[in-house]
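*Asks:* Listed here are the chains, written in short residue letters.
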Amino acid sequence: MGKKTPLYDSHVAAGARIVDFGGWDMPLHYGSQLDEHHIVRTSAGAFDVSHMTVVDVIGDGALDFLRHLLANDVARLKEAGKALYSCMLNSDGGVIDDLITYYLAPGRYRMVVNAATRDKDVAWINERAAGFNVGISERPELAMIAVQGPRARELAAAVLDSEWREKALALKPFFALEADELFIARTGYTGEDGWEIVMPAERAADFWANFVAAGIRPCGLGARDTLRLEAGMNLYGSDMDETISPLEAGLGWTIAWEPEERNFIGRKPLTAMRADKSRRQFAGLLLEGKGVLRDHMRVIVDGFGEGEITSGGFSPTLQRSIAMARLPAGDYDHAQVEVRNKLLGVRVVKLPFVRNGKAHIKI
Amino acid sequence: MSELPGDLKYTNEHEWLRQEEDGTVTIGITDHAQSALGDLVYVELPEIGQEVESGGEMAVVESVKAASDVYAPISGEVVEVNEELSDDPEKINADPYGDGWIVRMRPTGDDGDTMSPDEYQAFLDELED
Chain A
659 MGKKTPLYDS HVAAGARIVD FGGWDMPLHY GSQLDEHHIV RTSAGAFDVS
709 HMTVVDVIGD GALDFLRHLL ANDVARLKEA GKALYSCMLN SDGGVIDDLI
759 TYYLAPGRYR MVVNAATRDK DVAWINERAA GFNVGISERP ELAMIAVQGP
809 RARELAAAVL DSEWREKALA LKPFFALEAD ELFIARTGYT GEDGWEIVMP
859 AERAADFWAN FVAAGIRPCG LGARDTLRLE AGMNLYGSDM DETISPLEAG
909 LGWTIAWEPE ERNFIGRKPL TAMRADKSRR QFAGLLLEGK GVLRDHMRVI
959 VDGFGEGEIT SGGFSPTLQR SIAMARLPAG DYDHAQVEVR NKLLGVRVVK
1009 LPFVRNGKAH IKI
Chain B
50 MSELPGDLKY TNEHEWLRQE EDGTVTIGIT DHAQSALGDL VYVELPEIGQ
100 EVESGGEMAV VESVKAASDV YAPISGEVVE VNEELSDDPE KINADPYGDG
150 WIVRMRPTGD DGDTMSPDEY QAFLDELED
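In order, the protein sequence lines correspond to chains A and B. With the first sequence counted from 1, adding 658 to any position gets you this note's numbering. With the second sequence counted from 1, adding 49 to any position gets you this note's numbering.
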């Protein structure tokens, strides 16, 4: 028996297939993972993401602390509510976790970190906070629901109190607002528009029921995974971990190198890696024929070497198999993948595969 | 749980077999199997004329989650495959005992170990416990 979110009973009542995810009993799907995927690309789906961990960082030293803790630079956050995606690195430049930090007000930040890495994240953050004037508080009493899809905001807005509705709808992408007990962010993990809404755990079941009544369909972790794969979004533990730097996971864009004097954890080894032209690259793969690419399959690039699929699967939007892979350095647009003892041709493509319901690559 | 068709035999690998009048045997996977696999996205079928040994790999069904081998429940020669599954693998999800059939074989050896509907139901009930 795993940990349960406040929505567990709602999932079971809706006929969800429950699976273990990082120690949590979570819905995989409610009947058809493919249908759930398509509904998010074309209309609206709701995901229970209450297993994710909300950590508030509060105090006069919060800015200095986060500028030291994270590879991206929270000093870039000038407007209240603005969000920043970042990696949290160890001293070797490996990724402890990837997370979103929201700037709420001077001296007040909110981070949302992964469920499976919760304990080590919180331990690391607390350990590193020593010497900074900052308080770290986990918020296990909060639940989180993501509503995603082209119609998600419009449908979900009807469920909000009228006084917050317009303000929520006016949020720009990657911004959040605090609305009494709620925290509404225009962020997500699907490549579609939508909100992630943090709320008191005891209100979660009512919100969920109201979202469903408003026409937003419950979606499980299965669809969440194929959606994020199509969107070219990394999954911690698959695409990167403590032995992999952001530079080899397609996350170089999240490292703030300027200003040079900012001494974030992992900066030194990362600087050396940055200069190494032979370091592996991270790219998308599109299977040319039939079959399914899976995690850990071997990639062979003639004349360049070998790589590995870090996340693979079937793309319901493209009706083809796609993958993200760590590959040898070099310029090439074709490779082969060993699929069940056969070598199948793949195209090497730039991520993402799909954004806002549309293919980003030519099939 | 849906009722198991009474005219089929079943295996502990969650396959079903139907004895056809012309002596061939039609084979597919059970409703339990398709439900456990989730939405199917690809089916690799054997060649027509291929000889398969009981217990040997006969086909591969791939769902959104994983790839699974389908083992031949009997020895025989593949005489027909369900070509429609190439473009429409979800037929197995929608109709596992009908349009979602996978291969038809002409048996060359003994029956292999199969179960009656009641025995298979008891086998499933035990798995659920």
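Hints listed in this document are in silico derivations from the structure and should not be mistaken for laboratory results. Hints are supplied without guarantee of correctness; some may be wrong.
Estimated spans, in silico, between C-beta atoms of each pair [said to hold, decoys possible]:
no.	chain 1	residue 1	chain 2	residue 2	range
1	B	Leu176	A	Glu785	43 to 49 Å
2	B	Glu102	A	Asn999	40 to 46 Å
3	B	Asn61	A	Ser820	40 to 46 Å
4	A	Ile676	B	Gly147	25 to 31 Å
5	B	Ala85	A	Arg766	29 to 35 Å
6	A	Ser820	B	Pro166	56 to 62 Å
7	B	Ala116	A	Asn791	51 to 57 Å
Where is the CB? At the ideal position from N, CA and C, for every residue including glycine.
*Asks:* Please go over all the hints and tell whether each is borne out by the structure.
*Replies:* Here's how the hints hold up against the structure:
Taking 43 to 49 Å as the suggested C-beta distance range, the pair leucine 176(B) and glutamate 785(A) conforms, at roughly 45 Å. Between glutamate 102(B) and asparagine 999(A) the Cβ separation comes to about 18 Å, which falls outside the hinted range of 40 to 46 Å. Between asparagine 61(B) and serine 820(A) the beta carbon distance is about 59 Å. The supplied range of 40 to 46 Å is therefore violated. A hinted range of 25 to 31 Å for the beta carbons of isoleucine 676(A) and glycine 147(B) is consistent with their spacing of about 29 Å.
Between alanine 85(B) and arginine 766(A) the C-beta distance comes to about 47 Å, which lies outside the given range of 29 to 35 Å. Taking 56 to 62 Å as the suggested C-beta distance range, the pair serine 820(A) and proline 166(B) conforms, at roughly 57 Å. Taking 51 to 57 Å as the suggested C-beta distance range, the pair alanine 116(B) and asparagine 791(A) conforms, at roughly 53 Å.
Going through the hint list in order, the structure does not satisfy hints 2, 3 and 5.
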